[in-house]
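Peer 1: Work the whole structure out from these sequences, hints included.
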Amino acid sequence: MFLVANLRHNIKFIGFLGIYAGILLMSAGCSQESPSVLPPEEDVILTVSAGISREIYSRDENGTTTVTSGTYYLSYPIASDESYSLGDVVFGSDSANPQIGFVSTPGDEPFKWLQVGGSNPVFYLDNVSPELSTDQNNVTLVEFNEENPFIAGLYNPANPSNDLLWGTTTVQKNTTGTINFDLHHNMSRVQVQITADRTYDTDSQLDLVGAKVWISNINLAPKTFDRLTGLLTLVYDYPESYGDIILVNESTSVEEELISWAGKWPNDNGFLTYLSQSCILPPQELLDNENRPRLTIQLKNGTRFSGVLPHAMEIDPPGSSESQNPYPVTLSFLKEHVLTIRTVISADPPELAFMPVTVVEWVDKGEFDLEAHQAGIYTAAEFNKMIEYYQASNTYQLQRYGWFSEEKSQWNFNIFNTLLLQINDINELYGKMEPDDTHAEYTFNFNNYSVYIRVGTDDPKSVTAVQLHDILSERSKTPFD
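In the numbering used here, the protein residues as written are 103 to 583.
None of these hints come from the bench; they were simulated from the model.
Keep in mind that the hints are not guaranteed to be accurate.
As a list, the in silico EDC-like pairs of lysine to aspartate or glutamate whose alpha-carbon atoms are at most 16 Å apart [said to hold, decoys possible]: (1) Lys325 to Glu245; (2) Lys402 to Glu484; (3) Lys325 to Asp237; (4) Lys314 to Glu358.
Please read all numbers here as calculations on a predicted model, not as lab measurements.
Peer 2: Structure (structure tokens):
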């Protein structure tokens, strides 16, 4: 180690002497040109390495996350004015070291530090070909043409052609010969999980074999992609920019694509639960009018279940415990996340009900799961159903309206709409949900909505979450004393 260290210092010292000698010759007015002497680091050819989600690139026995094939695109500041240029990065050309990406610059010069501007340059890497842009003069902003592959469609882990990957890194100049990237998924993934509640299904009406499942009114394709921010922009013209995404299509005709279920299993109640294939789609807010996305399940016998996607979900802060309150957010499709929309369909009554949604980051780096819930009460009819299920101790169905805290042994019911509960007498509600040894305690979360109770033809009275709980649990009739 001592010899190596001294050797390195000697090399640097010799370089310094060379530069110093050149300065002396110039100051003496010598007419002979001196050769330029570069620091050794600047004359090293730079390469690139990149890692992404294990789910895509896990092709060896160790489950490596390293990119080993394909062409990517490196954005880097040039030395002259620090504006950005674009170079091709090819992985897999060296069979002995396929993880090394070799950079081809626009001038076909070897990619070295002396081509890079700034003392701490910022680099960007993505998998978006410049040939996909209608504007070839702007290297950092891609205006997608008709060949754009990054559109809503099925996710194929073996060949994820519609998965847009992007990453950035800052490197101190002349400190390394390899620029390392951690790439991220810039698209969102969604799948649907459906449980067939066959309690009253006497004629096997809820057979999901041969079903078709789709979500309507989804923005299908991004308009632009910024290499320096990773930002995708969409056009929100309705209906031109919107369409359906099909997740299951087992009853397809010859002209349509056959899309089978990804899996199925019996749950704790003995009902079969089905999981659809994943679909990739651009990150987006959902339409909030009559055109809001709708989930539709059409069975082989022609029976159709349909429901508008809920407006809200709750997210627990990362690393939080159940003792901390989750916060409500607007339901949307987030980049680098996988959303599983969970539903239950039943025959009597024939209905589709949304269950808690699972939201997890689309990466594999440790514990960062988020638990999200879109279960809640939206109508007075659902409120009355909740009372019925509570009285019957039907915990499975109660999940439609909230979540259960094992730590506190209580239900947390969500109100996601302003409710008017019409009754003839307050005793129709008073004591109808009294906690005891077989019925757990509960709370209500109004999420900034209001609940009104109208007795007969009297004016409706607003109640708080505590007052509503006290009326149902037979503690107090306030404000109807």
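Peer 1: Could you check the structure against the hints above and give me the numbers of any it violates, in ascending order?
Peer 2: Per hint list: single violation, 2.
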